[in-house]
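Student: Construct the complete structure from the given sequences, taking the supplied hints into account.
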Amino acid sequence: AQVVRSSPTNGSFAVYTMYLLAMSSARRNIYMTNPYFLPDEQMRKALVEARRRGVRVVLLLPGAIDNNIVRQASRGGFGELLDAGIEIHEYRSGLLHAKTMAVDGLWATVGSTNVDNRSFALNDELNLALYDAETAAGLEKIFIDDLQHSRPVDPAVWRARGPMTRMLELISMPFKPQL
Numbered sequence: 001a002q003v004v005r006s007s008p009t010n011g012s013f014a015v016y017t018m019y020l021l022a023m024s025s026a027r028r029n030i031y032m033t034n035p036y037f038l039p040d041e042q043m044r045k046a047l048v049e050a051r052r053r054g055v056r057v058v059l060l061l062p063g064a065i066d067n068n069i070v071r072q073a074s075r076g077g078f079g080e081l082l083d084a085g086i087e088i089h090e091y092r093s094g095l096l097h098a099k100t101m102a103v104d105g106l107w108a109t110v111g112s113t114n115v116d117n118r119s120f121a122l123n124d125e126l127n128l129a130l131y132d133a134e135t136a137a138g139l140e141k142i143f144i145d146d147l148q149h150s151r152p153v154d155p156a157v158w159r160a161r162g163p164m165t166r167m168l169e170l171i172s173m174p175f176k177p178q179l
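Going left to right, the sequence shown walks through residues 1 to 179 as my numbering numbers them.
Please note: incorrect hints may appear among the correct ones.
Said to hold, decoys possible - List time: in silico DSSO-like cross-link candidates among lysine-lysine, alpha-carbon distance up to 27 angstroms: (1) K99 x K141; (2) K45 x K99; (3) K45 x K176; (4) K99 x K176.
As the list claims (entries may be wrong) - Here are the simulated distance ranges between beta carbons: (5) A98 x L20: 14 to 24 angstroms; (6) F175 x D124: 17 to 27 angstroms; (7) R159 x K45: 14 to 24 angstroms; (8) E41 x I69: 26 to 36 angstroms; (9) Y131 x M173: 32 to 42 angstroms.
Everything labelled a hint here was simulated from the structure, so no lab data went into it. Note that CB positions come from ideal geometry on N, CA and C, so glycine has one too.
Tutor: Rendered as structure tokens:
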């Protein structure tokens, strides 16, 4: 196990770097649970490139969230990910607040970090990275169990969302760096 800390006051982007390295090294699967999913361009690129390498990328995101502007900004960015073949599921059994990622059944992280600019560049965050197949497999099992309480985002339905939804997504974009 390794503690990974990010702090803007110390100029550390260690958690961001850890996420990018884990995604870039994935060979079989990436299972990520995150309540505030607002990846920047580099993070989206890492996920899309993983998928292009044949990695199964599955995101478990909240179906209901406590901040509607974050939801609109997050959902507005689904298109590129869905087009790449990344699976996005929305959790339905309650408020999703877990922040985990498991990669290839060998490595995992659990911590306070959301996949957003606020966590990566503005807040102090702490994650535990686990280099242990048994623990990673346990987190994968929890992830698969949680998928049973979610609904997949259908790319065709997402593309057919209405003009009001698209307008709200567009309005949320200027706020994205602060979310």
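Student: Decide, hint by hint, whether the structure agrees.
Tutor: Tested hints:
1. Between K99 and K141 the CA atoms are separated by roughly 15 angstroms; this keeps the pair inside 27 angstroms, and the hint holds.
2. Of the pairs offered as hints, the one joining K45 and K99 holds, with about 20 angstroms between alpha carbons and a cut-off of 27 angstroms not exceeded.
3. The hinted pair formed by K45 and K176 meets the criterion: a straight-line CA distance of about 17 angstroms does not exceed 27 angstroms.
4. Distance check on the hinted pair: K99 and K176 sit about 19 angstroms apart at the alpha-carbon level, within 27 angstroms; holds.
5. One distance hint, 14 to 24 angstroms for the beta-carbon pair A98 and L20, holds here, with the actual separation near 20 angstroms.
6. A beta carbon spacing of about 22 angstroms between F175 and D124 agrees with the range 17 to 27 angstroms that was offered as a hint.
7. For R159 paired with K45, a C-beta distance near 21 angstroms keeps the hint of 14 to 24 angstroms intact.
8. Checked against the given bound of 26 to 36 angstroms, the beta carbons of E41 and I69, roughly 20 angstroms apart, lie outside it.
9. Taking the beta carbon of each, Y131 and M173 are about 37 angstroms apart, inside 32 to 42 angstroms as hinted.
Checked against the numbered hints above, the structure violates only hint 8.
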